[in-house]
Structure formats: C-alpha cells, structure tokens
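So the sequence lines, in the order shown, correspond to chains A and B.
Letter by letter, the first sequence follows residues 24 to 135 in this note's numbering.
Letter by letter, the second sequence follows residues 57 to 166 in this note's numbering.
Hint data in this document are derived by calculation from the structure and do not stem from the laboratory.
Glycine included, C-beta positions come from ideal geometry on N, C-alpha and C.
Mixed in with the good hints there might be a few duds.
Derived CB-CB ranges, DEER-like [what the hints assert, rightly or not]: (1) B:Ala135 x A:Glu105: 39 to 49 Å; (2) B:Lys98 x A:Glu105: 39 to 49 Å; (3) A:Ile78 x B:Asn83: 16 to 26 Å; (4) B:Ser68 x A:Ser62: 21 to 31 Å; (5) B:Lys112 x A:Asp41: 31 to 41 Å; (6) B:Gln132 x A:Leu77: 30 to 40 Å; (7) B:Ile76 x A:Asn102: 39 to 49 Å; (8) A:Glu105 x B:Val126: 23 to 33 Å; (9) A:Glu76 x B:Ala135: 24 to 34 Å.
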Amino acid sequence: DTAVSQTPKYLVTQMGNDKSIKCEQNLGHDTMYWYKQDSKKFLKIMFSYNNKELIINETVPNRFSPKSPDKAHLNLHINSLELGDSAVYFCASSQGTEGKGFFGQGTRLTVV
Amino acid sequence: GESVGLHLPTLSVQEGDNSIINCAYSNSASDYFIWYKQESGKGPQFIIDIRSNMDKRQGQRVTVLLNKTVKHLSLQIAATQPGDSAVYFCAENRDYKLSFGAGTTVTVRA
C-alpha cells in the first residue's frame with residue numbers, strides 16, 4: 024500500500040487555467056505538507072497542516088490554496104496558472120510537527 | 057542568511073568505496089537534522105536523522121556525523137552500491153518545518 028499518494032503524477036495545462044492536486048496518506052499522521060521542487064532540485068516548503076489547521080504558509084501567492092478536509096487528505100488548488108508554477112510538487116506527512124516527513128511520488132506540473 | 061547548504065553539488069564514487077556527503081548549516085538553534093535520498097522520478101526518502109544532543113548515529117550502511125562547533129553535518133555511505141546513485145539532501149528542522157539544502161548528486165561508477 025502506498026503511504027502517501029498524490030494524483031495526478033503528471034499535469035500539463037495552459038496558462039490561466041485552474042488545477043488541483045490531491046494527496047492522501049494512510050500512515051495515520053496528523054501533519055501534512057506541500058513542497059515545491061524547482062528545476063534545480065531545490066525543495067521549499069509551501070504549506071503545512073496539523074490536525075486540519077494551517078500552521079505554515081510560506082510566502083506563497085494566494086493563487087495557491089490548500090485544503091485539508093480531514094487529517095488524511097491535503098489538496099492543493101492553483102488558480103490562474105503561470106509559467107513559473109511549473110515544477111514538481113510533493114506532498115508529505117509526518118507524526119507531529121517535527122518534520123520527519125514521508126513523501127509522495129510527486130506531481131510534475133507543466134504550464135504551457 | 058540562515059540556510060542549510062551542501063559543499064558539493066556532485067560526487068562521483070567508485071562502486072565499493074565509501075561516500076561522504078557534506079552539509080553546512082548556519083542556524084545554531086537547529087536541533088534536529090535529517091538526510092534524505094531522492095532517486096530519479098521519485099519523492100525524497102528518509103535515510104537517517106540525528107538530534108543535536110548526539111554527535112554520531114549509525115544505520116544500515118550509513119552514518120551521520122554532527123559537528124555543532126563548526127555547524128557541519130555529514131552522511132557517510134559504506135561500500136557504495138549502484139542503487140545509491142541519487143540526489144542526497146540534508147534538512148534541518150526549525151520552526152515546525154524542514155529547510156532543505158540544495159542537494160548533492162551522487163553517481164556510482166561500476
């Protein structure tokens with residue numbers, strides 16, 4: 024069973040569109056994260072939710088809106104997509120906020 | 057600035073040799089560090105962690121060393137295998153989040 028699963032794995036879309044990425048974890052963790060990895064492999068945290076409450080919001084444009092319907096799910100909705108949003112987005116989860124995260128396989132977003 | 061960085065972006069290692077991957081950090085208040093391995097097309101995978109009250113921690117074929125005096129972290133991989141080829145990240149935990157370094161790409165030569 025996949026511990027942290029993201030869908031879709033690949034997403035190609037045009038500028039200006041709105042898209043969502045879904046994430047689910049079956050580890051029973053109480054904290055979930057979204058990270059963005061750029062073309063140089065640099066990983067940066069975007070958001071973190073603990074028990075469905077937002078605890079980290081790292082200077083991310085408000086076109087990005089995370090939603091956590093329950094502890095096992097953290098979705099990422101992106102409005103008005105821009106070329107610079109092209110990246111690999113990783114969902115992760117951990118028990119507590121210490122950050123020892125288990126990562127999903129990533130969603131490669133390409134905006135054309 | 058306060059960040060976690062790596063000394064070398066790439067490392068080429070002969071199969072069977074030991075690998076050493078280095079990482080420097082500048083936040084002396086950081087108390088928890090993690091090494092991750094990321095294979096091509098996959099998400100980062102936890103390798104080993106260490107808390108600031110320790111100098112050394114060993115896992116299966118891996119050892120993490122922490123030198124708080126010079127704010128240096130290293131990952132040693134014993135008897136490097138082809139499957140060890142990947143990008144390795146160090147990360148520090150502060151303010152409830154992980155901050156990652158830029159990564160070192162390890163290539164294992166047959």
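Structure-based check of each hint:
About 46 Å separates the C-beta atoms of B:Ala135 and A:Glu105, a value consistent with the hinted range of 39 to 49 Å. Between B:Lys98 and A:Glu105 the CB atoms are about 26 Å apart, so this pair departs from the stated range of 39 to 49 Å. Taken as a hint, the range 16 to 26 Å holds for the pair A:Ile78 and B:Asn83, whose Cβ atoms sit roughly 19 Å apart. Distance hint for B:Ser68 and A:Ser62: a CB-CB separation of about 22 Å, consistent with the stated range 21 to 31 Å.
One distance hint, 31 to 41 Å for the beta-carbon pair B:Lys112 and A:Asp41, is violated here, with the actual separation near 49 Å. The beta-carbon spacing between B:Gln132 and A:Leu77, approximately 38 Å, falls within the hinted interval of 30 to 40 Å. Restraint check, B:Ile76 to A:Asn102: a C-beta distance of roughly 45 Å satisfies the suggested window 39 to 49 Å. Checked against the hint of 23 to 33 Å, the C-beta distance between A:Glu105 and B:Val126 comes to roughly 41 Å, which is inconsistent with it.
Taking the beta carbon of each, A:Glu76 and B:Ala135 are about 45 Å apart, not inside 24 to 34 Å as hinted.
Figure legend: structure checked against the earlier numbered hints; hints not met, in rising order: 2, 5, 8 and 9.
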